[in-house]
Amino acid sequence: MNDVSQPADAAAPAPASDDPVRETKLSCRGLWKVFGADEAQAKDVIRQNGGAPGREALEEQGLTAAVRDANIEVQTGEIFVIMGLSGSGKSTLIRCLSLLLQPTSGELIFDGRDLLGCTDDELIEIRRHKMGMVFQHFALLPHLTVLGNVAFPLEIQGIPRAEAEERAARMIELVGLDGRERDYPSGLSGGQQQRVGIARSLATEPELWLLDEPFSALDPLIRREMQDEFLKLQKMLNKTIVFITHDFDEAIRLADRIAIMHSGDIVQVGTPEDLVVRPVDDYVREFTSDVSRAKVLSARTLMRPADEGATFAGDIAPNARVIDFAAQAVEAAQPLAVRSRSGQLLGQVDREAVIRVLAEAQ
Amino acid sequence: MSLTDSDTRTLPTGIAPIRIVWVATLAALVLLWMLAQNVEWIADPESVVTIPLAGWISDAVKWLANDLTFGLFTFKDLTRALAWLLEIPLTVFITLLSSGAEIPLGGESSLTLPPIPWFSILLAVTWLCWVWGGRRLLLLAAASLVYLVVFGQWESAMVTLSSILVAVPVGVAGGMALGIWAYRSERVSRGLTPVLDLMQTVPIFAYLVPVLVLFGFGPVSAMIATVIYAMPPMVRVTMMALRGVSPELLEFGRMAGCTRRQMLWRILLPSARPSLMIGVNQVIMLSLNMVIIASMIGAGGLGYDVLASLRRLEIGDGLQAGLAITLLAILIDRMSQAYIAYRESPTATRRAQGVNNWAMIGGLVLVSYVVGFVFPSLSTYPEALTLDTSPFWDELVRLINVHLYTYLDAVKNTLLIYLLVPVKRFMLDVPWLAVTLLLGVVGWRLGGLRMALVVAAMAAFIALTGNWQKAMVSVYLCGISVIIASLIGIGWGLIAARSERAYKIAVTSVDTLQTLPSFVYLIPVVMLFQVGDFSAMIAIVLYALAPAVRYTAHGLRRIPSETLEAGRMSGCRPRQMLWRVRLPLALPEIALGVNQTIMMALSMLVITALVGTSDLGQEVYIALTRSSVGHGIVAGVCVAFIGMIADRLITAWVARRKKQFRIN
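So the protein lines, in turn, are chains Y and G.
For what it's worth, the UniProt record's numbering labels the leading residue of the first sequence as 1, then goes sequentially.
For what it's worth, the UniProt record's numbering labels the leading residue of the second sequence as 1, then goes sequentially.
Isolated chain G, as found in the complex (with noise of 0.2 Å):
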């Protein structure tokens, strides 16, 4: 804050349009608030205009979907076919690892070959585990595996593997190949970077319908969701990843006579290896966190015994699918990062050396097989010593509900009518016009008159295309959030920054909270608090809360050690450390990772839908029911664009602010 003040004083032509530039914008703000009494169309967007934009895109789904031709084949035939190339894959491996296959041997007699059994792929994920990571991560294969057997998950587990096996090579590779491109010409990256930006921030829901419209239901259409949904960042990474490429190797590369092929694949892609794991690693993760939400599209497996047991309120059954997803999830995270490791580490150090891996692995699943197909009543776990928890789950929640209701409710109850309900009147009752014309003056001043149309502009069009009181439901909900996870998320990270044992310990923690899929936050919030603002407010936090722990924890670390010694040597206590030294100091990285929880927020936002908002994201939610695309964009593109609204400001502001700092 010294900074600005020492600025104004230098330039002391300065001061007076700024000041009077925000004396201006507040007098309009209550002009236009007393206006908004009287001028409907200051008050109610609606009364201007509402331009029918969902109506047109439903329509033009419509006609990609049932009139437009190529000549030879209709787009119904291409997407047909998409469709049928992905099943062949999926077919496979649901046929290895679910469902076995029955061989017809003429006449009446059939061999009907069971599919891999558990302890094969026990045996094989666990050797794996132990060459790449040791000990430890085996125990953590042992673990999980052998939860999904012991409590009945394991087939619907082999369901969602199956589509994960098939969605991340595609989408690692559809990833890549796009950010190849995009590295390669200049035009093509400018082209694609809006357009992730917008399928980043777009919630996962909004890509469904036209999804469903154009693929139909069924495990193809929500694999085919999952990959548009986690591919985007695979091709940031290889933009990135390749960019990152010394010019001195690219320069060797020509030295050396390589033709534009070799410079790809013996160059570039190799030596980028390291960080295009890193996108392998997202793409993983978030097929997987897609996992409940592509069964809203017909995906069988865990996600659909998630999503069915909640729409029961089965919280039992739930939390165990739940559970099994979540291991899941941090199994295959920790095996990807343990095999990049392992792929970094030089040959020496490894384990199982002069061992074929691959030869091992094959050999353990073929002998085991046979096991297994000569001894069926091995290979399938009996059903008699399978575990069920439910009931001690749904007991519980029944017992919390009889002797802790009246305390819960009354937490809930006091938040809710001292802290949300005013909120959201206030937001309610903002006109439209003053919101977007104070959005207007905030990013002119921050990033110039660019800036301030764009943002206008944003929200101009959510106004414009009857989304507004929605809109201010959403941003309510999520403002209120956000900034409860950035106080608890900056606590934490404060904490977090005093030793590398602290550190260490928050890392471990937010690393597994960013494993979790989005929603299995919602079951235990909706066991404790059933439906609600409320509820969706707490598993947004808990959500949301990761990335401004991190952010805060790496920006007060990265403080160089010198000037943190200046700051003692001039006899700063502790306290004024804090306040005088680190936080300002770290106050552009901090932003940056509120910047981000309010895009997480928005992606959990979407989802609580399910747990009875009335917001953007209950708007998207309905679209999906009822199959209409364009309701399901134009809502989906309006949370979107409250994200990007929030993340060109507050990136302005951090560049401003680095700036300043002369620090990159």
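Bound conformation, chain Y alone (with noise of 0.2 Å):
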């Protein structure tokens, strides 16, 4: 398993050519999480395998492990997204990422600093004023007005009142829910609930914002519009983001990359698009074939050299997806012109792959 999702790992950075350089800001190597009776015996079945007991190892001693040897990098401003199902061990990766979970073993590094290797009081400070979290059922507190609630975490860190409640009044507007700040959290819906979950989360500016699952408990219409307003809200601040979600499409409508988890491994990493053309196996195949391609494809992948002395009917930039310039290019007599940011000429997409792809999600 492991070998497998290095080629992916590897492929995932390629199309970074004219996006701004990036840097790591969460990273993770070798991380285990293991339940069962002792700890420190799954570590030693952990050193005692090189690093990757089989299943069979752990389970004879009575152990199951939900995150084996994950291995991610997380870069400053993108949306990551990891998906699975239930039981794939998405949940309790996020949290040995946040340290909610002490990992069995691994390193993780946050901003250039071994979380691991920090002391409780450190931790702290770090998730004070660098992380803020979103939970799938809201985890908002019920004696709090809404108000209270986004001031919360500002007040712990001895924020006086009103400076407080001033901030938190800014990012209730933020998520559109002003007017109901003297609200009871029982007198809103679910949506509103997660809209109030948001702004806490932001309210003290952290850097990484991991959300667990925070739209799964809404109903799909409702779920559709907060995946929208996140997009919006991502656009304006830019924060480093972990995104939980067992839901694919969500997945593919909001992740800059994605990482697939099955029973605990990471199967494959990369962009949607990546997932859907390089399938690294079954699994992730089986996932993404349900995916109208046009949605994920980018002229990248379609374009194919230019033809020499060509005449284009337009210009489209290389991460554009096909579904946006779909209708341009079947209504245009020839083909369409792929330029970089800087305008170099990469390539073109002709009239006939536009087609094949449109047929193809049909």
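The hints are simulated quantities; they were obtained by calculation from the structure and are not laboratory data.
Treat the hints with caution; some may be incorrect.
To be verified - In silico SDA-like cross-links for lysine to any residue, where the CA-CA straight-line distance does not exceed 20 Å:
#1 Y:K130 x G:T259
#2 Y:K130 x G:E251
#3 Y:K130 x G:L250
Said to hold, decoys possible - Which residues of chain G face chain Y? A few of them, derived with a C-beta cut under 10 Å, are:
#4 L249
#5 L250
#6 R254
#7 M255
#8 A256
#9 G257
#10 C258
#11 T259
#12 P270
#13 R273
#14 P274
#15 Y407
#16 D409
#17 K412
Unchecked claim - Quick partial rundown of chain G residues pointing at chain Y, CB under 10 Å, derived from the structure:
#18 S246
#19 E251
#20 Q262
#21 R266
#22 S271
#23 Y342
#24 E344
#25 P346
Yeah, the Cβ is synthetic: ideal placement off N, Cα and C, and Gly gets one too.
Starting from the two chains in their separate frames, assemble the complex, guided by the hints.
And the structure:
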């Protein structure tokens, strides 16, 4: 499993040529979380097996691994989605990344700092200022108003109430709940409650924003609306995001990159397009088979070297999705030019290629 | 039952050994019984050995009270300091509410400050009741307080209220502190749970004896006993409430960077508050329940009035004071529940918005206090206008005894001759070894070897500490009462489960029954049947009825409607629905109700010692009057063990049954 995920990892940064250069914000290497009677024993088993014990080796000892040898690098400003069905280990992984659960072994680096070496006090400081988390069932404090909930993380840092409430009010406005500041969570709809959760997690202006299935408990229509708002917020705030979901469509809509988990393993990490075009195994292929390819395929994948002296009907960016330029391409008599941001001609996309993708989607 | 059958069918190898066990047990029982005629030690545990545990405990407590020293201070100093600490707030409340104060102004002159007059308290309480609970609660409060004034119970009631006002916060704070400690440390939790089990099953009287020896006779020791009695549920509720806080909230707290202290005070306790309030309510009710009993070691007030008149068999007086306690209990209970609902209601729907409640009350009390101070004649309710109904009640009792005596006595004697006495004889006749063996085998079948050993050891403890005969009397009295209470209770529960309205009526009546202090049940029973086992039985049945009703109704109502529809679609007649679908599914819940009924019966059993039983309860009561700590505690622990044996066996059975049904 591990070997298979390597090329995917290597392939992931490939299309970065004209993205701004990004640095790694959060990374983990060889991260394990093993549940069972005895954690120390689990550590031994992992060490004895060269850091990669098979399932049998663990089960013999009555242990189960919820996260197996996870390696990820989340880059500054990206939306990194961890996708998996229930029991795949995604919730455990995000809890290891936030140290809500102590990983059994491995290393965890945040902002160049080894999180596993932090003292409790240091960890409290990091969480107070650099991390924010949104929970699946909102985790609002029932005895506080909307304002009180959002101001809570600020108040426990010792920020005076007036200032905390003023900052909280700004966040509430940001998520579109102004006017409901004095309401209690019990009087809000699910969508509104999660807006409070989002406002609260952003109140401390964290750099790393963790979202644990934030929209899974919401109705499909509300979910869609919240996804749009989430993207809007991210455009404005540009946080580094780890987002957990079990919904592949959600993952594709939101993600810059997706890590797919399956029974504790990270099977593949890549852009939505990577997963669809180059699935590493049948499990990933199964997931992506229902995805409309027009939504994920980019001009870069579809283009071929430009013909000498060809004339073009228009220009598109290399990372434009087929769905965005399909109408333009189908109507035009000439192919479209794919140009980098600096205007350099990278290739051309033919009408037939677009039609083929669209036809496949049917 | 059919499930058990199918189980044995799928496990054919299991049949034979199980049957053999039961046959062998039966044979052993019969054999033991026959042997008991000739072999003394089978019949009479005292011929084996009697462990002088009671003496040891008495000596130990004496040593605690007289000789134990921590160097700088002795144990006695410690208890004295504790008592002194509790006496301060108690004195403050009594001064404010009941006695008033005299402030010396130098020389001969002094300023007499009267207590807060009755009408100030009436005004303040009714105001609060209106804000919290609306007009219905207001009327209840006004009626109850007016009763206290008009029937001359005011002063006693205020003494009782003072001790409640101190005992409840102390009990709540202590219970919460222990609960938090147990929540944080698995080890403390594991150590505390059996202690709580024991404390909740040891009869109240047994607490009184050591408290009496260590703290002496007086209102403060009565209050300490009250706190000890009322605290265990608060510990339990706190542990459960904190464990019930959603794990996501805890994760949020950690992600927000809460310190341990912030986690406790700003996340755990506030979000557990609704559950914690249930514990507070329990502490209040148990404290009120203790009012009469605590008067045995020196509490004054209404409890003392009831106890004194009960001892003199002045039914009328006892009834009046008993009613006063009952009204006080119901009022405080409803007020605390209304307050919980009020706290949880959205701000916009509350009454008297924009008014600062506590300022309003302070103002009301202050103004009316000044009025009372200026016109002292107003502040005491005129003696001439008080009513006294006790002659009426005494006359009623006399009339009942004159005219109905024959019938009542016939009922009583019939039941005594054909039910109570034969069962009592039988229980006394069964050899102790046979009972212990049977309990062991049942325990083994239900919960394995460990359970068998625990249960048999408890039975042996009762036998070998010299309490076997008395324990059997307790078992007989309690057993009969529980069976009767369960039959009535389950019947009532069946009716209550039929409609929403019947359910509401049942729940309200049962709630009210449970609000009454256990002592109050004795008054009418003694009125009608004099003292003795029969009166005791009736009082126990009345007191222990509530849980059987509640659990039965609840168990029947929580059967999934799909299951009932499946039953109807299979063509069940109403009778078949009841016997083949509803009752079997509700049985585990009903069993839990019966379990609670047993616990309540045992706690009442001890109180019925006052009406002349001859069981373990009497033993505890006698120990109390003689300040014999060891006897009291050992007999109390024996009562607790009877309860725990029943509890362990029933709980194990329920767990097995639920596992079969795969319900949680």
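The hints, checked one at a time:
1. About 16 Å separates the Cα atoms of K130 (chain Y) and T259 (chain G), which keeps this hinted pair within 20 Å; it holds.
2. Simply put, K130 (chain Y) and E251 (chain G) have alpha-carbon atoms about 16 Å apart, close enough for the 20 Å limit, and the pair holds.
3. With a CA separation close to 19 Å, the supplied pair K130 (chain Y) and L250 (chain G) stays within the 20 Å bound.
4. Annotation: interface hint on L249 (chain G) holds; nearest CB of chain Y at approximately 5 Å, less than 10 Å.
5. Hint status for L250 (chain G) relative to chain Y: holds, with the closest Cβ pair at about 9 Å, below 10 Å.
6. Because the smallest distance between the Cβ of R254 (chain G) and any Cβ of chain Y comes to about 6 Å, under 10 Å, the interface hint for this residue holds.
7. Proximity of M255 (chain G) to chain Y holds as hinted, the smallest CB-CB distance being about 4 Å (cut-off 10 Å).
8. Against a cut-off of 10 Å between C-beta atoms, the interface hint on A256 (chain G) holds, since the closest Cβ of chain Y lies about 4 Å away.
9. Interface hint at G257 (chain G): satisfied, since its Cβ lies 3 Å from the closest Cβ of chain Y, which is below the 10 Å cut-off.
10. A cut of 10 Å between beta carbons decides the hint on C258 (chain G): the least distance to chain Y is about 6 Å, and the hint holds.
11. At its closest, the beta carbon of T259 (chain G) sits 7 Å from a beta carbon of chain Y; the interface hint therefore holds under the 10 Å criterion.
12. At its closest, the beta carbon of P270 (chain G) sits 4 Å from a beta carbon of chain Y; the interface hint therefore holds under the 10 Å criterion.
13. Proximity of R273 (chain G) to chain Y holds as hinted, the smallest CB-CB distance being about 6 Å (cut-off 10 Å).
14. Contact between P274 (chain G) and chain Y, as hinted, is supported at the beta carbon level, the nearest pair being about 8 Å apart and thus within 10 Å.
15. The beta carbon of Y407 (chain G) is not positioned within 10 Å of any beta carbon in chain Y (closest approach about 58 Å), and the interface hint is therefore violated.
16. Contact between D409 (chain G) and chain Y, as hinted, is not supported at the beta carbon level, the nearest pair being about 59 Å apart and thus beyond 10 Å.
17. At a threshold of 10 Å, the smallest CB-CB gap from K412 (chain G) to chain Y is about 55 Å, leaving the interface hint violated.
18. Restraint check, S246 (chain G) versus chain Y: the minimum CB separation of about 7 Å is within 10 Å; hint holds.
19. A distance limit of 10 Å between C-beta atoms decides the matter here; for E251 (chain G) the minimum to chain Y is near 5 Å, and the interface restraint holds.
20. Hint status for Q262 (chain G): holds, given a least beta-carbon distance of 5 Å to chain Y, under 10 Å.
21. A distance limit of 10 Å between C-beta atoms decides the matter here; for R266 (chain G) the minimum to chain Y is near 7 Å, and the interface restraint holds.
22. Taking 10 Å as the C-beta cut-off, the interface hint given for S271 (chain G) holds, the closest approach to chain Y being about 6 Å.
23. Against a cut-off of 10 Å between C-beta atoms, the interface hint on Y342 (chain G) is violated, since the closest Cβ of chain Y lies about 14 Å away.
24. Of the supplied interface hints, the one on E344 (chain G) holds, with its beta-carbon coming within about 9 Å of a beta-carbon of chain Y, less than 10 Å.
25. For the restraint placing P346 (chain G) at the interface with chain Y, the shortest Cβ-Cβ distance is roughly 6 Å, inside the 10 Å limit, so the hint holds.
Checked against the numbered hints above, the structure breaks hints 15, 16, 17 and 23 and satisfies the rest.
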